[in-house]
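Enquirer: We have chain A; now place chains B and C onto it with these hints.
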Amino acid sequence: MNFKLPFIPERPSKPRTRGLTMVMDKGLSVREAEDFMSVGSEYTDYVKLGFGTSIITPDLKKKIKVYKKAGVIPYFGGTLFEVFLIRNMFEEFVRFIQEYEITMIEISDGSYDIEHSRKLEYINKLSKIATVISEVGSKKKEVVYTPDQWVAMMKSELEAGSVKVIAEARESGTIGIYNDDGSINHAVVDAISTHVNLDNVIWEAPMKSQQAWFIKHFGANVNLGNIPPNEIIPLESLRLGLRGDTFFQFLPDNLK
Amino acid sequence: MNFKLPFIPERPSKPRTRGLTMVMDKGLSVREAEDFMSVGSEYTDYVKLGFGTSIITPDLKKKIKVYKKAGVIPYFGGTLFEVFLIRNMFEEFVRFIQEYEITMIEISDGSYDIEHSRKLEYINKLSKIATVISEVGSKKKEVVYTPDQWVAMMKSELEAGSVKVIAEARESGTIGIYNDDGSINHAVVDAISTHVNLDNVIWEAPMKSQQAWFIKHFGANVNLGNIPPNEIIPLESLRLGLRGDTFFQFLPDNLK
Amino acid sequence: MNFKLPFIPERPSKPRTRGLTMVMDKGLSVREAEDFMSVGSEYTDYVKLGFGTSIITPDLKKKIKVYKKAGVIPYFGGTLFEVFLIRNMFEEFVRFIQEYEITMIEISDGSYDIEHSRKLEYINKLSKIATVISEVGSKKKEVVYTPDQWVAMMKSELEAGSVKVIAEARESGTIGIYNDDGSINHAVVDAISTHVNLDNVIWEAPMKSQQAWFIKHFGANVNLGNIPPNEIIPLESLRLGLRGDTFFQFLPDNLK
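Chains A, B and C, in that order, are what the protein sequence lines are.
Start counting the first sequence at 54; every next residue gets the next number (my numbering).
Start counting the second sequence at 54; every next residue gets the next number (my numbering).
Start counting the third sequence at 54; every next residue gets the next number (my numbering).
To be clear, the hints were calculated from the coordinates, so they are not data collected in a lab.
Keep in mind it's a predicted model, so treat the numbers as computed, not measured.
Incorrect hints may appear among the rest.
Where chains are identical, the list cannot tell them apart; a pair therefore holds if satisfied intra-copy or between any two copies.
[Stated by the list, open to error] In silico PhoX-like links for lysine-lysine, alpha-carbon gap of 25 Å or less:
1. K194 - K269
2. K193 - K261
3. K261 - K194
4. K269 - K193
5. K67 - K121
6. K114 - K57
7. K309 - K193
8. K57 - K118
9. K122 - K261
Next comes chain A alone, as it looks inside the complex:
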């Protein structure tokens, strides 16, 4: 902080268990990752190396080191797990994780439909060797879960060993917990927020309007994900009431 202002919400210091920000890296170079960390390391908790990009990104080990050195946890997007799984290469996936010294694993079924009981087994199994987070929701428009299904899946995945569950929205922010135009699917979000401990949910929120909505409704320390790297400072400004959208959010009534 360059200046201590009053009525700025308190943020837990890192390593945090709430108020988390997960950023999506879709293929930054090593130097771009350094640039991102030089402004964003304090405000970023996890960096998802998006979908299957890790298979083809040059200098991946170097980039992973940049993130770790800056105190940020890098992990492979859930699609990578699915890419291995559909090829019956679960063991190779585990070796790939170990080869890159990755300590957190995302388990998802957004592209490849597997039995939920099987997903729970993978969560349980992998939680013995790494920190597991799991994503709920499909990337396909035709797969629609009821609010009750969202809640039931999240609860069972947390019980199976996930430390956090991620509510799917795609990179574009137009599916899962959102409607086609990017607006909030209230029935789903209300059900989740009523029945699941919010500290354990990471909401994918790539658009500013979505980030502002979650901060207004669940506070500065809501967990948010799929943030583009160059939006880390704008998002932290939103969280702290330093931007138009949340300007009044954390002020006492006598100042409003």
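Expert: Same frame as chain A, but now just chains B and C:
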């Protein structure tokens, strides 16, 4: 210029008083600011350190030096003024400006509604210690000014001491002088262009279609603002007729 | 490749004649071009220095060297050719190309309508001194070609000396081979794919949905253009079935 072509509109050299480009920096790292300056310093006049990002951006003093050294004037977005003001911390705001050796101040009331007479007093007061620019227009959809109100506010703010007035559009370009879909609000823009000296108005125009419209209607040397850093070369190309949208704009009739 | 997976489509190694990716550089700094090459050189064939940006980009020679050294072919966007041509400065254009040691030339008529026979003459003439690619389609909404016209123009330009023809879409991806909302103009694309050798066509496809459509319909090695620099890794992931949109595309039936 890598090649001297005929029928390219003349641009005043820096420091300019018209044909200004104001870029919005939402949280660039020091090295990213250097990269931006290495291509954009000649074409950029002001860099707005957006909304309240200056409170939380690491290495802010270093970044400010990068901009100054490149001959560009950095200043804090008007929301920062409002963040201090609503907390009754005007003196602290002035000290913050001085601590960072900022020489230009933006006064706005986009988030926090203050009496216009009070805004004029701040403009007047601060114009004694720095160059003042002021922003007209609200960030809130429900606050709609008539064309006459836009004109009256701009005129009085220029009289009070602002060297330029900025026509608000938000970063998204969908409010103030624009309609919801980003198209031009003609009644407002017509009134301003008729009654206010255009050299004193900076139009926020984050979208290419908006930039092209202003260049076509008011010429290559219209003042434009809220340009993303990586759009500085594309915008200068638009200004000079080096892009499809303005390809014919500055050609003599016999070549069209 | 950081890991050899089965059922990943084979990509020709560079220099390629099919499966090409053309990226649009709208004004990267030298260091940003280095960053882009450090992740993208293997996946990028051509870099278009967009529209007339080359006239005003600082350190252009240095940037061109960065691309060449990385094994990528840089060339000037077709609008630059048109900017010279409408000023009756064809000879100066050729000298400009030579001054910057550019070995590939794009001939287009997207902004400036010239007789098609004259365009063919330029293609023929320039193909004697450089590799020529040519762009078909207008940047103007009011100029609409029939599917037959698209095919005829492409065929005649390939015969005249173009090694590839580019199907115009603008940077925004909302004209030419696309409808206003960015969706595919099927009549045009079907006609081209039926009557022109697809290895000789580069489809401008700035949006992910467009890239995914072409990969699904014409395979991993379809030629795609106007890709933003930071989308090179995501695009290659799409080509290889490492992203949700093409996840099942290259898998054998027994795994689907």
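Enquirer: Decide, hint by hint, whether the structure agrees.
Expert: Against the structure, the hints come out as follows:
1. K194 - K269: Only across copies: K194 and K269 sit 17 Å apart there, 28 Å inside one copy, limit 25 Å.
2. K193 - K261: both (23 Å within a copy, 15 Å between copies)
3. K261 - K194: both (22 Å within a copy, 16 Å between copies)
4. K269 - K193: between (29 Å within a copy, 16 Å between copies)
5. K67 - K121: Classified as within; 13 Å inside a copy, 34 Å across copies.
6. K114 - K57: between (38 Å within a copy, 16 Å between copies)
7. K309 - K193: between (43 Å within a copy, 15 Å between copies)
8. K57 - K118: between (32 Å within a copy, 22 Å between copies)
9. K122 - K261: neither (29 Å within a copy, 33 Å between copies)
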